[in-house]
Structure formats: C-alpha cells, structure tokens
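Chain order of the listed sequences is A and B.
Following the working numbering, the numbering of the first sequence begins with 1 at its first residue and continues without gaps.
Following the working numbering, the numbering of the second sequence begins with 1 at its first residue and continues without gaps.
Any given hint could be a false lead.
[Said to hold, decoys possible] Pairs of lysine-lysine residues, derived as DSS-like cross-links and limited to a Cα-Cα distance of at most 25 Å, are as follows:
#1 A/LYS414 / B/LYS300
#2 B/LYS491 / A/LYS414
#3 A/LYS414 / A/LYS330
[Claimed, not checked] Just so you have them, the derived chain A footprint on chain B, three or more residues with Cβ under 8 Å:
#4 66 to 72
#5 77 to 91
#6 107 to 120
#7 236 to 248
#8 410 to 421
[Stated by the list, open to error] To give an idea of the chain B side of the interface with chain A (calculated C-beta under 7 Å), a few residues:
#9 PRO51
#10 LEU53
#11 GLY57
#12 TYR276
#13 PHE402
#14 CYS404
#15 LEU441
#16 GLY442
#17 HIS443
#18 SER445
#19 ILE499
To be clear, the hints were calculated from the coordinates, so they are not data collected in a lab.
Keep in mind the model is a prediction, meaning the values are calculated, not measured.
Don't be surprised by glycine CBs; every beta carbon is placed ideally from N, CA and C.
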Amino acid sequence: MIRKLLVTLLTFSLLASTSWAQTRTLQGTVTDAAGEALPGVNVIVRGTTTGTTTDSNGKYQLELPGSENALVFTFIGYKAATIDVGGRTVVDVVMEEDLTSLDEVVVVGYGTQREKDLTSAITTIKSEDISRTPAASAMQSLQGKVPGVQIVSSGAPGSSPTVRVRGVGSYPQVKGDQTPVGNEAPLYVVDGVFFDNIDFLNPNDIATISILKDASAAAIYGVRAANGVVLIETKSGKLNQKTRLTYDGYYGVQVAQNVLKMANSEQFATMAQESGSVADQTYILNAMQRYGRSRENPNVPNVNTDWYKEVLRPAPIQNHNLGVEGGSDKATYSLGASYFSQDGILDMQNSFERLNIRARTDFNVNDWITVGANFNMSNSTKYSPDDAVWNQAYFAVPIFPVYDEQNTAAFPIKFASAENIGYRGPQNPFPTMAFNNNRLQSRRVLANFYLKLDLIKDKLTFKSAYNSGSTFLRNREVDLPYFISTDGQRTISEVTKKNETYVNQIWDNVLTFDQTFGEHNVTVMAGTAFRDELYDMLTARGKGFPVTDEQSWYLAQSQEIPVTIDGAQARLVTDDGTHQYGFSYFGRIAYNYGDKYLLYGTFRADGSSKYQEKWGYFPTIGAGWVLSQENFLKGNSVVDFLKLRASWGKLGNDKVQASDGQATKSVITGVYGNSFVTGTYAKSTFAYLKWEVVEEVNVGLTSKFLGSRLSLEADYYVRNTENAVVPVNVPLIGGTVMQNVGVVQNAGLELALNWSDKIGDGIRYNVGFNMATLKNKATDLHGQPYIEGGSAEFRQRTYLNQPLQAFYGYRTDGVYQNQAQIEADPAAVAYNQANVSNPLVPGDLRFKDLNHDGVINASDREVIGSFLPKITWGVNLGASWKNFDLSVNLMGQNGAKILNRKRGELIWTTDGNLDADLAKNRWHGEGTSNKYPSAAGLRKGWNQKMSDYFVEKGDFFRIQNVQVGYTIKGNMLGTNFPDSRLSFTAERPLTVFKYNGFNPETPNGIDSQTYPIPAVYTVGLAVKF
Amino acid sequence: MKSIHKYLSLAAFLGMMLLTISCHDLLNEKAENRSYTDATDYTKSEDMINPLLGAYGEFQNRGWEDYPLISVRGDDVNAGGLGDQQEFANSDRYNYANTDYWMFNSVWQNLYNDILAANSAIEQVELYKEFAPNPALADQYMAEAKVLRAFLLLQLSRTWGRVYIPVTSDPTDLFEMKVSTKDEVMQFIADDMDAAAGQLPNLRPNQRDDIKGGVTRHTALAMKALANLELKNFQGVADATSAIIESGLFHLEDDYYNLFKIPGKLNDENLLEWQYWDSGVAGGTNLSYLFAFFGPEAWKPKVATAGGGWGFFEPSLKYIKFMLDRNEEKRLVTTVIFTPRGIDKIKEDPKYATLPSYVSVVTPSGDVFQDFAREMFLSGKHYLPSDQLTTGINDYGTNKNFICIRYAEILLMHAEARVQGASGSISADEAVNQVRDRAGLGHLSGVSLDNVLDEKYAEFATEWGTRYFDMLRYQRYDELSYEGRTFSADKTFLPYPQIQVDQLPALTESN
C-alpha cells in the first residue's frame, strides 16, 4: 500500500516539475517533534492531486499554482497537517505524531493487517517501550504492560523471565534440576524463525513485539501456538531514508531488594533453648567456646553472621549499542552491533556477557522481484549461579562465621564449618560459591533469505522464505576440590562438558491475494511451511585434572573419565539427539465491507513426527463490526472509533514431552563382587501422550474517544485446554507420570485504558491503566474425583472446578494458648488420648475440624490456594515538558499463593536457621502469637502437616520502572553537535508485599531457592549522528 | 517481458510447492536415541540377563531411610539423632500419629518400586524364554527376581501388615486389586519360594560366576523360612532351614567383627547382601549405601580425613546391659561403639560402676569416638574402620556391603522351630551352640525358647528389626516396653502413608 502510494506520488512530482507556468516555487523541510528530518512525507496541494514527497533529508520543493494557497502534509503515523502558505516561499513543517493511529499495520504471522481490521486480541509493543528496561531479555520489559500476559521475573544474570499468556493451560513442568521445561511458554517467532526464548536477542535490535493472545490470532501457527505467540520483527531501514548512526547505551548497578531477614544469633539461641532439644543447646555452647561470648548478651556466641548479606553484592549492568539505518529508493539496510554485560548479585563467578551483530537488507530488484536477507549473530557467555546457595544461606545458622582461622585443616581457603561446633553439615554456603564454576557459551545465528514475486502487480504476490536458526551451546561445569570439614569436602576436581547443537530450518511459501471490488476488500493468503528441527548433544565428565589454571580444565587433562555416576542409572559419557519434522498447510481470508463489517478466518493443518497422532487441524473464525462507521455514530464528537469483535479458534501444544509416549528402558548399574554390571529396567509407568488442544472464544472491543485522546480496549476470553498434560502421582511407587487427564479452563477479562493529551503547548502526557483477571479451573477430570500432584509432603491437588494443582492441606485456626483451650477442644482431647506420650501442648497449631467429626484427620483437608494470580494490573504514566521526559510504570498482582518451602523444609532436618519473622513472632507463652507455633512445636509432626501455615499470600505492588530523560538538541550547543538524550532509570526500585521471602514471584508457586530479583539503577545516553 | 515474468513466476511457484510437498514422508520418521521396549529383540538370548541385572541394580540401589525405618523398633536399638527427625524418633517410641511423615511414604515407595522392577524383569525374561536355547535358564532368572521380590515384600508386610502383592510391573493395576492380609502375604512368599527354590542353583551366592553374590536356592529357602516363621508354621521353617544346613555349603565366619567389614564381603556365611563397591580407587565409579546415617558427628579416626556422619541409630542401653550381664565381649564390641558420655551413662547404674576394659571409646580397629550431642552409642555393624576405606575416599562406610540374611539366622530360626516341636536335621542345642562357639561362649544343653530368643537378641541386635518381630511373635510386649516406652498390640504396624491412602482408598477399607 505504502509503496504504491509512493510510486504514484513520485510520478506526480515528476509531472509537476515539468509543466505549468504562473506558479511559485515553494521549498521547505519536514521534521518530527524531535527535530528529526522526515523523508517520504506526501506534500499535496490542497484540493488537487498535485504534489511531491520529501527526500531523505526531509526536504521538498514544489511548484504552487497561482490559484492555490494551501498544502496538505500526510505521513503514516503522523497527524495530517494543512498549512496556509500565505506569501512565504519557504514552508517548514513540524509533523505531530499520531499516537493513536488505527491505520497502523500490525504483524499477524505470514502477513500484516491494519490494526482497525483486526478481529482478534493482539497487543504490539514498540522499541521505545522495550529499551527502557535494563535487562538481558526484551520480554522483561513487558511486565505490567500487556494485560493478560504474566511475566515472572528472574534475577539471575542472562536468564529469561517466565512468560504466561492468558493463564496456565499447560501445567508448568520442571526437569530434575528444577529448570522449567518450557511447555507453558509461548512460541517466539523472530523474523519467521521459531524459538523457545529470545534471550539471545539484543532488546535494542527489536522494532516491534506483537503478542497474539487469543486463539484466533495465534491459530495460523497451529500446533505451536497453544500458549500464545510472540512475533518479533527486528529493525529494518526505510526507503529514501538518510543514513543515520545512533549510539544507545546505559551503565548501572543492581542491588538486591527486600532481602529476607533471618534470625540473628540471639533469636536463634532463644529458639534453640525453647525447642527443648539438648543437642541444639549444646551446639550453641560449642559456638561460645570456639568463638567467645557476646559482650551484650553472654548467653549468645560472639558471632552473628547474616548469611544473605554475606553472599550478596551490588553488581554492575551495562549495554552499548551502535546502529546504522537507511535506504535509497531501491534498497534499505539496517546494521548494528551491541554489547551487553551483567554481573549477578550473588558473590561468585556469576555473570552474563553478550555480543550481537546484525545486518538486514532488502532490495527491490525491479518492479516485480524483491529479495532480502537478514543475519543476526549472538555470542554470549554466562556464568550461572549455584542456586543451592540461596537455600544454604537460608538454613546456615548465624552462630558461626564465614572464615575461621582456627579451622587449620581447611584448604585452599580457611572457611568456617558448622561441623566444628557440632552440626552435622558444614552449612557454610561459601565453598559452594568459591569452588563451583558453571560456564555456558552460546552462539546463535539467525539467518533468512526471501524472494518475493509480484505475480499480478499489487494483487497477487508469492513469497518464499528460508529461515534458519542455529544454536551452539558449550557447557562446562567445574567442581573444584576443597576441605572445610569431613562432611564439607571434595577430594577430587570434576568437570562436566556438554556440547549441544540445535539447528532449526523453516521453509515458508506463501501466496497472497489482495483485491478491492468497490466496497469489498478481500485478502486471501495460502501457504505451506516445512520445519526441520535437529538437536544433538554430547556430554562427558572428567575427574582429577590440575585445578590451578583454568586452561587445564579439560577431559584430556583428567585422570579418569568415568562412564556412570556412582552406580546411578545415568551415564556420564553419553549423547542424545532428536530430529523432528513438521509440515503444514495454512491459509487466511480477511474480508471487509466498507471498513464496517469484518470477517476473518484462518486454517492450519499441522503434521508432526513427534507424536503417534501425525496430523492436527486448527481452524479459526472471527468477525468485527465497526459501529463508528455506521450512520448513527459517524461524525459523533465523542466516539471516534468503536469496534466490536468476536473470534473462536483452536490451537495445539506440542511442547509437552514426547518421550513418554512409549514404554522405555532405563539402564541400571549393580555391583557383583568387584565389578559393575549394567542391566535394564523396562518401566510400565508411561503415558500415551497426545498434544494438547486449546479452544478459545474471545469477545472484545476496540474504541477511541474524545479526539482519540482516550482509548479503551477490552477482551473477555474463555480458553479450554483439552487433553491437558498434567503430572499425576503414581500410586504405590510414587513419582509422577504425565497424562492427558482432562480439560483445564482459563477465563478472564482484560482491560487497557489510555489517555493522552497535552496541557497548554508545553506539557504532553499520557496515562495508561491495564488489568487482567484470571480464573483457572479444571472442568473435566475424566471421571476422577481429583488428581494428586505436588510432592508427598507438600501436596497439590486438582479438583473439578478448582484451580490446576492447587495447594491442598489443613486450615489452621490459631495456636493453642493454654491447657484449658486444649482441654476444651474435642479434637485435641481425642488426639491426646490416642497419643499419650506425645500430646498437644500450648504452642501447637490448632487445625479446623472442617467436617465437624471431633477429630483432625485427612478428611479435614481442602484446597488452600492456587499459585496463579487472580488479578494482575499495571499503570503506565508518561509526560514530557520542553526537553524533559518522564515515564513511570507500576504493576501488581493479587490472589496468588506461595508455598514457603524454606520454612517447610524443617521437616527434613532441624539443623538450620529460620527467618526473623518466624523467630520474633513465634509462640512463646500465652498471647504471644496466634499464627506461629512455638520453637518446640516447629519440630513436631502435628505442626508440620501441609497447611495454610506454609502457604502464604503472594500479593504485591511494585514500582516497575521510572525513567527521567533530558534531550539535548544539536542547535542548543552550537552547530554539528549531534542530538543526544541523557536518561536515568530506576527499574523495580520498590516492591511491597507480605510474603516471607525475597520476592513474591515464583514460576510455579514453590519457593525453595529462588534467585532474588534486584533493583537496577542506570544512567543512559543516546546519541544520533 | 510481461509474459516471461508471468511464466517464470509461475514456474518458480509450482516448483517450490512440489519440492515442499515431497517433504511429507519425513513425518513418519521415528524419534532418535531410544531403545524401544517393543523393539527389543527377544531372540537375542544373551540379552536375557539384562532385565534381571536391572532388578538386582534396583534392589541394591537403596534409599538411606529404608533400613532405619524397617529396623528401628524393638529393644535392641533406638533412633538416635537427638533433636532431629522427631517423627522417626516417635516411630521408635511407637507413636505414629503423623501419617504425613515423609519417611513412611518414602520407604513404602522405595520398596514397591523395586518389587515392580522385579516384576518387570520377570515379564521381560518370560518374553525371552520362548526363544531361549535353554529355557531352564529363563526359569532360573525369573526365580531370582521372585526371591528379590519376596525379600522386599516381607519387609513391607512386617512393617505395615496388610499390603498389596503386585504381580505385574504396572502400578495402575493396583486400582483393581485386593489388599492382602499379612498372613496371605507370608503364605504367598512361602509358596512362591517353594516353587522358585527348585529352579535355582544349589550354590552359595559367592560361588556364582555369572552373577557374583546373586541369589541361589538357599536364599529362596531362607525367604521361605522367614515367611513361615511369621506364620508360626514351624515345620515349614524347619524344612527350609534343614535343607540349607544339609547342603553343607554355609559356615559361620570365625571373625564376627570383620564379618561386618570389608573382609566380610561375600562371606561364606551370607545368603543375601546388598553389594557395593568403589572401584578400589579414589574418583572411580562408586556405589554405596549412605552409611553416613549411622556415622559419628565427632570422632578421631585413625585415618584423619575419614568423614563422619549424622549420628542416628543408637544401640539401646538395655541391650548393652544385657550383653554386659552375659559378659559377651565379641558381639558387644562388634554391635556397639561407645562414646565417653555413653560409658558414663552405663556407669550411672551402680551395678555397672566398673566396666570391663573392652568397653572403650577406641574400637578394635583403633578409631577413637568422641562425644556429640545426638547420641551416646553408635551402631558397630554399620561402621567401617577408617583404615579400611580406600585411600582418598572419605565418605563413612564406603565400599562396605550390607548383609541381609546370614547363616546364623538360619541356624537360630532352625533352633526356634525345633524348640517349638518341629522336626529337623540338627537339634536346637547343636544349632544354638554353633552360634555360641563363634561368639566365644560355652555350650548350652536343653535349650529353651527363651534361650533361643536371647541368643537371637545377642546375635542380631541392630539387624533388620529381627528382635522386634521375635517379640511380636510371642506377644512379649513387656520387653518392648522399655526405657520409657509403652507397647501395645495396636502399635504393631506403621500407619499407611497418607498419600497412599489418598490414592488407593482400598488400603483402609476392609476386604
């Protein structure tokens, strides 16, 4: 469309310059509000078809007939400007950006659509909103901005946030090491290539992120689309654009926020005294003997280690980006290089560094052939934290120090060990930090090439695109030898190397037909896609290499390369691979009648080699009615635009694991005399898995009011996941097996309200509010009363019409304050009669007898909360005045519950510390607490039952991002100084919540070793040459 | 120009369409890197041993919590680990109020997992059998898996009473299954072992070359005896034990102390053991039980780098005094390790104010034990002297085997059956005296049931709860009510783990 217009106008301008006498010559420059030259602006003499376009410097020249006296300037994305020429010969124009334009084109997958023609729920985020967030992954910047998209931040450098589009249809699965499988993650399509995450991309290289939220929008991606689709277009140049070089960068520091306060030595000693455990009291005596007594309180050791404070550090973050963009009348180009580096706030080798280089170019070879190519290379090195540290720092007792010169046997560093004061384990998290080194080097190359043919000029085009994404991962995990005490030692160095290769190729062929017959506008698209996804892995472990120099950390330098680990089933020297193919047919029809009535439909047939079931079919239809085009609203001064839309669609999810589909054998090693021999175990616990199918209905409204200053977008959806794959506990032997067990429903309302206006001439501002509700429930369980999940001790259950894998347990009803209360409670009396030797005493929790049968037993349990938030919301504010600009983002969520497993893990061992809140507010005499049990009670099985004592509210409010900018215009400091912008950003400066942990964001509601989310403060500079 | 453009475009378009459609066949490619169970070549008879080795591997690969929970009850041993694992300590004190306790469920699952592994081996070998040149070998392999299953099932039923007897490898079959009473389980084991014995080699486990230390006919007979003992079918016990005794293959190891150390691995006395090995070199592949559970929190080992443990599983004061009363040095210093605090504790009783010199904090191997808060005595049978550790390996107990059934138990079960009136190959006196000879004690004549039970107490303390089940069999609840405990018949079995009841409600319903 744009190109057509341009060509037409160019022709006109040529004609215009050669004819007509009695005219005046006018010239001028067209710029945007920032003073930037705008090339390609249409300049037309009012009331005629005569006109020209601005050149790459934003300059134009035009002959004005004597009878005319006004010019109309139009440019997509800007408000049209009509200028009376008067007697002038030079007319410079500043175009005002039209922030609420509906003519904007939205990427919809294998094509584009005008925003006003959409019948489905798509939200697009632009580069300015992305680059404001200092983070490795662009997805982090979406937090609180897109209703219905939940972003769960991750604090570790270089790690991606968890992204959920419209609730959880697919239960989040984790691997053995607690890393997510990603089956609930959306599909990322970066310039046509499918990815599982986009943490390799430089956020600055992204032009737009479009989130296809509902099934109707996403269905064109078929079997991959069930969790929503995120379409990413990288930056490209524009035709007739002056070459522009920009530098964009920031430097800042990350600081741990909301650090959990642990019990100090005094509180810890008090708890130990009150626990009644002689052993624990002995350890405190031992600590006093070894480290002396505190001068303030002689009953407390003279050590008070705040382990979290010890393991944390402020850490720098920086990004530098250089970009070149431009275009002639035949070609466009965009090049860039960027460097990002981030250290972790955990005080070990914990960092992320990334270098990206990209190039993109498009050529109009002639009037019917267009070709283009795009390369994006990303090179990164990540030193991963050992997350066990978070857990160790929580449990390490405060009564021993980090270093201990008396610990003479320790090497190579004299770290202290809790074993030296009697504890069973060394506890000190420092060896974990100092003697582990986990490095991941990633190389990713994204490359594509396309050829576009105009079969019938402006009507029928054919595009063939070959896209490939290759990832090469080199993983090295090194464990170095050390000794701090007998149970805190590693005698031999170990290195695990793992090389992984992913090569994904996609070949798309798309035919698009675009035709207008009077009021009827039709776009038909049909295409095929072939996918080839290859994965290959090779790993081995070496033991006993020289440790001093990193250059010796090789298998070849090792004394031994063991084949299996201590007789376990897993082989250490092993490889793996998958090769999956997919083939798809897809098509789309979009029809609109007079921009008033909209119809939309897509269909995709997906074939996959991953499942026994080879083919899946995914249709969608949508319809829209633009009320504002009807006579009764046309010209209405309040309503500028009003559209009602509805859609239905079906999607598939093939991210659920494939391997369980058949019975498989595992290899087991046994000992027979002085030899190891392996055998096999053919397990019967497997499921015949099918892909999940999502069906969704979405109704929505898009509207603009009051001169497009107010916009309201609302959507309501009901999304059903059939054959939802859920981990089901296996009876008798435990463990879980994935099964397609029923139907999971997510439903919610999404609202986005925006107001933008200006006060006087100087101040422009906008206020946005968005929110989303979520109701998640199982609507069919294939006839079972419930599905058992979670772990045996921390149970989660799925009941009909209750949230998926909700926490399940007892309800507490305060704490028994005195003996009289116990004697007055029939349930306590019954318990004490049956357990004479271990009765309930004041300080124990009181549980609700939900079925009123006079005893507390398994039938008094119920659903006590879900890990999914019921409401998420965000507020976005922006303002500019003269050269200053300000933006503020707020966000929050309500209704999610978190299992505080750190407190819960006391059931495994009592050897650790507890958080200060628990220590301070424990029950220690009548009236001291009606919430927490006594120190002795914490160790008692009665109080360790899964109950709402462990399950806390995850509600929070956060100031997500505040940025203040100041723009220095070139002409302010004299000529030739480039335009610059200086900015200060505070990312997550404040989070308010009640949960007793570092942060209320956990991917699956279970908090045992979550990396804290830091606040980030940065100074940024952007310079345009 | 115009027409060329059209044709070229059309040709390119059609060409690409044809090319892409030819990719269709790739959808039928199989997934990479899998050994499909349905693709196993059952005609390859040399692979028939693999499923059996898998069952053995699972059998040896034990969670540390299994043995403690099975064995902690009874007047021979206490929980230890003071201040920690309170529900484990409560189980030791016959207080099972918390059905959600993780250890109950974990042990249940671990035992059943390996029963299903044995069943899977039986199913797989059955598939090989059709093509095996020597079908008797297939029968032998299946019989071996049945013996492993019997051992695990016996532990389950002794601990929980009524349990499931799974006969397939698919746990979902349980949903339709009936729960069996303890007597039914024991009868199932006795019958199953009767059939299996005939298919197994007439060897000692350490005489087997194909599967070193694997089960033999005599292991099956031992299982038959153990099951019959639970049923109080004493003739059944005597028949099985007589057959083992008459084989002449088994002998008591002279060095009782070292039977539980490295020299005792695959000893002629052992009918079944969990085998472990560390490759004989630091850094090599290492399979071990987690003996740290039994280890000291503080000691001065002869080899200074040797690691300690968690301080659980404490032999009872009652047992120590019982042994002191008998003046049994050999079996006491093998079974019990003393700490300074422990010795003081014994001396608190004026009757034991002076102790024989062998009651020492120094073990016969020269490791010195110190005080720590969790317990006063340690289990000697689960201790490996620091100088027997492979150089460079420091984890407590590494490379030690774990004995499950030994010949002494065969002899004493035989004696028990004989004093209960069963006929058998040797007399009760002869059987008991063989065991006493090795312990360095004088002979008894005309042994009574009490003599046999005392002998078992002395011999098997801290092993497999043997003492507890002996006392249950004769309802000697007063013996079990010791050191502040009160035992009653309703405390016999542990409660079912809550999550199992939730998933298999039939467990708590009566049949």
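Here's how the hints hold up against the structure:
1. The straight-line distance between the Cα atoms of A/LYS414 and B/LYS300 is roughly 21 Å, inside the 25 Å bound, and the hint therefore holds.
2. For the suggested pair B/LYS491 and A/LYS414, the alpha carbons sit about 50 Å apart, so the restraint of at most 25 Å is broken.
3. For the suggested pair A/LYS414 and A/LYS330, the alpha carbons sit about 68 Å apart, so the restraint of at most 25 Å is broken.
4. Taking a C-beta to C-beta cut-off of 8 Å, the region 66 to 72 of chain B contributes 0 residues in contact with chain A, too few for the three needed, and the coverage statement is violated.
5. Given a C-beta distance limit of less than 8 Å, the hint that chain A covers the region 77 to 91 of chain B holds, as 7 residues qualify and 3 suffice.
6. Residues of the region 107 to 120 of chain B with a Cβ under 8 Å from some Cβ of chain A number 7, which satisfies the need for three, so the listed coverage holds.
7. Residues of the region 236 to 248 of chain B with a Cβ under 8 Å from some Cβ of chain A number 0, which does not satisfy the need for three, so the listed coverage is violated.
8. Only residues whose beta carbon comes within less than 8 Å of a beta carbon in chain A count, and the region 410 to 421 of chain B has 0; fewer than three means the coverage is violated.
9. Restraint check, B/PRO51 versus chain A: the minimum CB separation of about 6 Å is within 7 Å; hint holds.
10. Hint on B/LEU53 holds. Least Cβ distance to chain A is approximately 3 Å, under the 7 Å limit.
11. With a cut of 7 Å, the hint placing B/GLY57 at the interface with chain A holds, because the nearest CB-to-CB distance is about 3 Å.
12. Of the supplied interface hints, the one on B/TYR276 holds, with its beta-carbon coming within about 6 Å of a beta-carbon of chain A, less than 7 Å.
13. Checking B/PHE402 against chain A: minimum C-beta separation of about 11 Å lies over 7 Å; hint violated.
14. Taken as an interface hint, B/CYS404 does not check out: its beta carbon lies about 14 Å from the nearest beta carbon of chain A, beyond 7 Å.
15. Because the smallest distance between the Cβ of B/LEU441 and any Cβ of chain A comes to about 33 Å, over 7 Å, the interface hint for this residue is violated.
16. Hint status for B/GLY442 relative to chain A: violated, with the closest Cβ pair at about 37 Å, above 7 Å.
17. Taking 7 Å as the C-beta contact cut-off toward chain A, the hint placing B/HIS443 at the interface is violated, the least distance being around 36 Å.
18. Of the supplied interface hints, the one on B/SER445 is violated, with its beta-carbon coming no nearer than about 41 Å to a beta-carbon of chain A, more than 7 Å.
19. For B/ILE499, the interface hint holds, since its Cβ comes within 7 Å of a Cβ in chain A; the closest pair sits about 5 Å apart.
Comparing the model with each earlier hint shows violations of hints 2, 3, 4, 7, 8, 13, 14, 15, 16, 17 and 18; every other hint is respected.
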